[in-house]
Amino acid sequence: MSNTAVSRIRKELSEMASTNNPNETGIYIIPNFDDLYHVDAIIAGPPDTPYEGGMFDLMIKFPSSYPFQPPDVRFKSKIWHPNVSSVTGVICLDILKDKWAAALTLRTILISVRALLASPEPSDPQDAVVAKQMLADKPMFEKTAAVWTFVHASGRKEPDPTYNNLVERMVEMGVNREKALRILSHTGWDIDKATESAFE
Numbered sequence: 023m024s025n026t027a028v029s030r031i032r033k034e035l036s037e038m039a040s041t042n043n044p045n046e047t048g049i050y051i052i053p054n055f056d057d058l059y060h061v062d063a064i065i066a067g068p069p070d071t072p073y074e075g076g077m078f079d080l081m082i083k084f085p086s087s088y089p090f091q092p093p094d095v096r097f098k099s100k101i102w103h104p105n106v107s108s109v110t111g112v113i114c115l116d117i118l119k120d121k122w123a124a125a126l127t128l129r130t131i132l133i134s135v136r137a138l139l140a141s142p143e144p145s146d147p148q149d150a151v152v153a154k155q156m157l158a159d160k161p162m163f164e165k166t167a168a169v170w171t172f173v174h175a176s177g178r179k180e181p182d183p184t185y186n187n188l189v190e191r192m193v194e195m196g197v198n199r200e201k202a203l204r205i206l207s208h209t210g211w212d213i214d215k216a217t218e219s220a221f222e
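Under our numbering, the first residue of the sequence shown is numbered 23, with each subsequent residue one higher.
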């Protein structure tokens, strides 16, 4: 364990514990005192977005070279967003890659991830299928993201009933709910294509 990394992580967690107001920031930190290199966080979906009302779980893994190398930050909750892999939760955010600087903090990272939810960048995607849908049919993208938020992030806003009914139709055919949602989302909510894909 690097003393530099451990002391920096402790300092950041301590500062967040004393200054972070989750009601204002929409960010909750869950430290792992048995292993400071692993921290969980929860981000509240920003208002006026398809993610509003959702509570998204994130996993943060600090390298022993922190703060000189960025942490690995990914969504544990499944999310429909062009800059987040709908499969692995990997986030495409410049400050987690080539724009990383040792002066950045966990707080800055989490605020940036939450801001990314409010301002997706489909021109620099992590998930090409989601980005394509957003660019081709933004209302469908927003409804799909809202359904994923409701299903995977304890969303409080009821999704569009049309989309929910399509999921239910596939569930009635014997497809599990998560698979039905994933296939429908990837096929542009075309029930015929989704059914064909589900039973290939």
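Please note: incorrect hints may appear among the correct ones.
Stated by the list, open to error - Listed next, with one range per pair, are the computed distances between beta-carbon atoms: (1) 29 / 190: 45 to 55 Å; (2) 57 / 194: 35 to 45 Å; (3) 46 / 91: 47 to 57 Å; (4) 81 / 178: 35 to 45 Å.
Because the hints were derived from the structure by calculation, they are not lab data.
Beta carbons are placed, not taken as given, at the ideal position from N, Cα and C, and that holds for glycine.
Results of checking the hints against the structure:
Distance hint check: the CB atoms of residue 29 and residue 190 are about 52 Å apart, consistent with the given range 45 to 55 Å. Roughly 44 Å separates the CB atoms of residue 57 and residue 194, a value that falls within the hinted 35 to 45 Å. Between residue 46 and residue 91 the beta carbon distance is about 30 Å. The supplied range of 47 to 57 Å is therefore violated. About 23 Å separates the C-beta atoms of residue 81 and residue 178, a value inconsistent with the hinted range of 35 to 45 Å.
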